[in-house]
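Engineer: Put together the whole structure using the sequences plus the hints.
Here the protein sequences come in this chain order: L and F. The working numbering numbers the first residue of the first sequence as 496 and each following residue consecutively. The working numbering numbers the first residue of the second sequence as 623 and each following residue consecutively.
Note that these hints are calculated values from the structure, not bench results. Glycine included, every Cβ here is placed at the ideal spot set by N, Cα and C. Honestly, I wouldn't trust all of these hints.
As the list claims (entries may be wrong) - Example chain F residues on the side facing chain L (calculated, C-beta under 8 Å, incomplete):
1) Val728
2) Asn731
3) Pro745
4) Ile746
5) Leu754
6) Glu779
7) Ala780
8) Leu783
Here are the chains, one letter per residue:
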Amino acid sequence: MTSMRQVFVDTVEDVMRYDPRVAVVLAEISRDAFAPHERVFNVGIREQALVGVGSGLALSGMRPVVHTYAPFLVERPFEQIKLDFGHQDVGGVLVSIGGSYDDPAWGRTHQAPGDVALFDTLPGWTVRVPGHPAEVEPIIRAALAGDDRIYVRLSLRHNAAPHPVIEGFTEVRRGRQGVVVAVGPMLDTVLEASRDVDVTVLYATTVRPFDAAGLQAAVHRADQADVLLVEPYLEGTSAHLAAEALADVPHRLRSLGVRRDAELRAYGTAEDHDSAHDLDVLGIAAAVRRMFGHSAAAA
Amino acid sequence: MAVKSSVGNESGFAAIPALFRRMTGDEKHEWAAASTLDVLWVLYDRVLDVSPDRVDDPDRDRFLLSKGHGPMAYYAVLAAKGYLEPSTLDTWTAWDSPLGQHPDRVLVNGVEISSGSLGHGLPIAVGNALGLRAQGRTARTFVLVGDAELDEGSNHEAIALAGRLGLDRLVTVVVDNKSGTYGWPGGVARRFEIEGWQTSTVDGKDHDALYGAFTQDHTGRPLVVVAEIGKGER
Chain L
496 MTSMRQVFVD TVEDVMRYDP RVAVVLAEIS RDAFAPHERV FNVGIREQAL VGVGSGLALS
556 GMRPVVHTYA PFLVERPFEQ IKLDFGHQDV GGVLVSIGGS YDDPAWGRTH QAPGDVALFD
616 TLPGWTVRVP GHPAEVEPII RAALAGDDRI YVRLSLRHNA APHPVIEGFT EVRRGRQGVV
676 VAVGPMLDTV LEASRDVDVT VLYATTVRPF DAAGLQAAVH RADQADVLLV EPYLEGTSAH
736 LAAEALADVP HRLRSLGVRR DAELRAYGTA EDHDSAHDLD VLGIAAAVRR MFGHSAAAA
Chain F
623 MAVKSSVGNE SGFAAIPALF RRMTGDEKHE WAAASTLDVL WVLYDRVLDV SPDRVDDPDR
683 DRFLLSKGHG PMAYYAVLAA KGYLEPSTLD TWTAWDSPLG QHPDRVLVNG VEISSGSLGH
743 GLPIAVGNAL GLRAQGRTAR TFVLVGDAEL DEGSNHEAIA LAGRLGLDRL VTVVVDNKSG
803 TYGWPGGVAR RFEIEGWQTS TVDGKDHDAL YGAFTQDHTG RPLVVVAEIG KGER
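Structural biologist: Here's what the structure looks like:
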């Protein structure tokens, strides 16, 4: 299957054929994925300049696509994201690869589970987390056509099948005992882990803005206002927004994601890290059982 | 290249101190940030192809004040050149004033970038110059930095990049009052020269020397003008 990154590159190159506003800024990573083009700029291993140059392109009237590995796009030049895009009030399309731990053999330096939480400290950003390569093309096309600030989080992890890309949450399954929200690549694992439990499963590719109305509606349809958030990045990243959405409803909220309390200092595979963070089927199923009761008890 | 006038409007320059005092009061020696004043005046008076009624013209020259700290000289020049009502200066830094201790492009007509945190303007200027070139525009991009601001490593990413990319519509002005703690052995200009920039070091108070430096030919490469101000001089 074509990777999310390849779909991203193919889509950007296709749009560049007819939209002269679109320019790409790279910092070595993915330099060979893009064909040489007069509006593809590789700045070398200079991530502050990567984001600053993207801002300058936007100020000159272009639509910049700024792309590299997640920690070097979001964490190292974070002040450039805050000031050169946000404070200047210009738009741009920031696209990362690597996810939270796509390549754990590279260790902590190449992991960015805190990226979405960092964007949460800044106003005015849309954050989209596709869960399948086929969802990447509509996300990138819409992003290139706009003028806003958007962060697209690509990963090697994905679900078996795509879902239509919409702004809000998609109801994948309806149940009575509560609501599980699965973000991007977490969907298949969530569906497997909750298959014997009578819960609604919502699927999110757009996490900012957070679909508060969609969550409220799903909670109102269920018998209990119990919500489990399952995100592929730092645990609880969206918990404050889920809590805010349910401020008028007595509710229970639990969040699963990459653990905040420990640096693992372990290599291995992405699946090993899923297990360590209780983000595999076993870990999520255990959390589902604790929150919603065993399927036999519910029946 | 659009050039306003090779002869400066020195009577206009003489009006600057009164504008300054609207921000600083009568403390005549409170000339913080006046180190940039002559550079700013020469740029806005004689060099930049800009005007208050063309702030959205895609073909205008861009002036990016990276060293946004101590912006009184900048605001005074913008007022003298018609971007600001001079009365706006009287209430600067008040809650509802568009003028803060660091300029905000969203709030002030003609301000190209919001600055205050050092080391952001030069990388943005490189992107701006790249973008103008990619669009086939001939507008120039000027960016003003301080010698101590060059401590920030982000500048050195941009200096190397601009040299390699041959951005010949990019001009960096370094206002050098030797304020950096560790300094630049061999001079500021050397840091740019080794990366392929054309360099010029002039007296930062000499309007004709500044004008000559800003308008020199620098085909195929970016230009840095180091405007020297006496150490400790503001």
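Engineer: Each hint should be assessed against the structure and marked as holding or not.
Structural biologist: Verification of the supplied hints:
1. Val728: With a minimum Cβ separation of about 5 Å from chain L (threshold 8 Å), the hint on Val728(F) holds.
2. Asn731: Since the shortest Cβ distance to chain L is 14 Å, the answer is violated.
3. Pro745: With a closest approach of 3 Å, the Pro745(F) hint holds.
4. Ile746: At about 4 Å, which falls below the 8 Å cut-off, the nearest Cβ of chain L leaves the hint on Ile746(F) intact, so it holds.
5. Leu754: 5 Å, holds
6. Glu779: Nearest chain L Cβ about 4 Å off; hint holds.
7. Ala780: 5 Å, holds
8. Leu783: 5 Å, holds
Going through the hint list in order, the structure does not satisfy hint 2, though it satisfies all others.
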